[in-house]
Amino acid sequence: MSERRSTIAHHLTVALILRWVAFYTRKLPEDVAGQRRDEIASDLYEQSADVGPGSAARRLLALSLAWRAIRGIAADLAWRTTRIRDVRREQGALSADTRRPRSSATAVVLTLATTLAIVGVFTTIRVLLNPDARSSEELQLLLLVAPMAMLTGLALFFRASTRPAALMVMAAASIPLTWAVGISFWSLSATLGYASTNVLVLMNLSVDKIGYIAVVPGAATAVFFFSMALRGLSAGARRRSDAGGTHPPRAKTPFSTRSS
Numbered sequence: 001m002s003e004r005r006s007t008i009a010h011h012l013t014v015a016l017i018l019r020w021v022a023f024y025t026r027k028l029p030e031d032v033a034g035q036r037r038d039e040i041a042s043d044l045y046e047q048s049a050d051v052g053p054g055s056a057a058r059r060l061l062a063l064s065l066a067w068r069a070i071r072g073i074a075a076d077l078a079w080r081t082t083r084i085r086d087v088r089r090e091q092g093a094l095s096a097d098t099r100r101p102r103s104s105a106t107a108v109v110l111t112l113a114t115t116l117a118i119v120g121v122f123t124t125i126r127v128l129l130n131p132d133a134r135s136s137e138e139l140q141l142l143l144l145v146a147p148m149a150m151l152t153g154l155a156l157f158f159r160a161s162t163r164p165a166a167l168m169v170m171a172a173a174s175i176p177l178t179w180a181v182g183i184s185f186w187s188l189s190a191t192l193g194y195a196s197t198n199v200l201v202l203m204n205l206s207v208d209k210i211g212y213i214a215v216v217p218g219a220a221t222a223v224f225f226f227s228m229a230l231r232g233l234s235a236g237a238r239r240r241s242d243a244g245g246t247h248p249p250r251a252k253t254p255f256s257t258r259s260s
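In the UniProt record's numbering, the protein residues as written are 1 to 260.
It should be emphasised that the hints constitute simulated quantities derived from the structure, not laboratory data. The structure presented is a predicted model; accordingly, all values stated were derived computationally and were not measured. Every residue gets a Cβ at the ideal spot worked out from N, C-alpha and C, and that includes glycine. A few of these clues could be false.
To be verified - Label pairs and their in silico Cβ distance ranges:
| id | residue 1 | residue 2 | range |
| --- | --- | --- | --- |
| 1 | Arg238 | Ala75 | 36 to 42 Å |
| 2 | Ser234 | Thr152 | 22 to 28 Å |
| 3 | Leu63 | Gln91 | 29 to 35 Å |
| 4 | Ala220 | Ala160 | 22 to 28 Å |
| 5 | Ala219 | Ala22 | 33 to 39 Å |
Could you build all of it, start to finish, from the sequences and the hints given here?
The structure is reproduced here in structure tokens:
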């Protein structure tokens, strides 16, 4: 009976120590936490393997392990604090590296969208206030709708949840906006009209093809906005997948809590 009680006390002590290790390594990266659990489990196994026969030896071992665990609580908590600090430092460095290209792309998006919106609004005002402007009602309507769509996309872009939709709106507005602006500027600005006419002559194109030239930068901008929207959607899908993933299984140890 004494032998059985000593064995139970030893197994219970080991189980409590492993529970404590699992507790203070929680929410740490699995490689860090797993290495710590394996080290403690190996240490406990070696000490248990070296114990001599008899209930007294096992009882003394259980008391020794318990006392050592109690004395090491402060060191264990200090170890956890250090590991958390290291992990946060590494994550901060990684996030800074990923934030730089993301910030650059955001700046490009805002610059392009803002420029297109300002040019579109400016052109719309000039067309509406200039009675000599050669523009149809359809073109005037397009000049009203396209800049408003670009401004709507800009407003939506400042919220992370609506950013992909904002980029889609910007992509959809880019081509009609640049086409309408190109057509309108040709009739509003003598300088741009002269330059555009020379370009058309060199390309053997008629004057009514001026809109096609203006569409080229609009198409490039639309492709850029669309690619950024796809990147945002894929990044959001990855985040949702990571959030819904399962936690890795806990590392096995050579100990069990069953009594013998």
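How the hints compare with the structure:
In this structure the supplied range 36 to 42 Å holds for Arg238 paired with Ala75, their Cβ-Cβ distance being about 38 Å. Range check, Ser234 to Thr152: Cβ separation about 24 Å, and the 22 to 28 Å hint holds. Against the hinted window of 29 to 35 Å, the Cβ-Cβ separation of Leu63 and Gln91 comes to about 41 Å, which falls outside the hint. Evaluation of the 22 to 28 Å hint for Ala220 and Ala160 yields a pass: the beta carbon distance comes to about 26 Å.
The hint said 33 to 39 Å for the Cβ distance between Ala219 and Ala22, and at roughly 57 Å that hint is violated.
Violated hints, in rising order: 3 and 5; the structure is consistent with all others.
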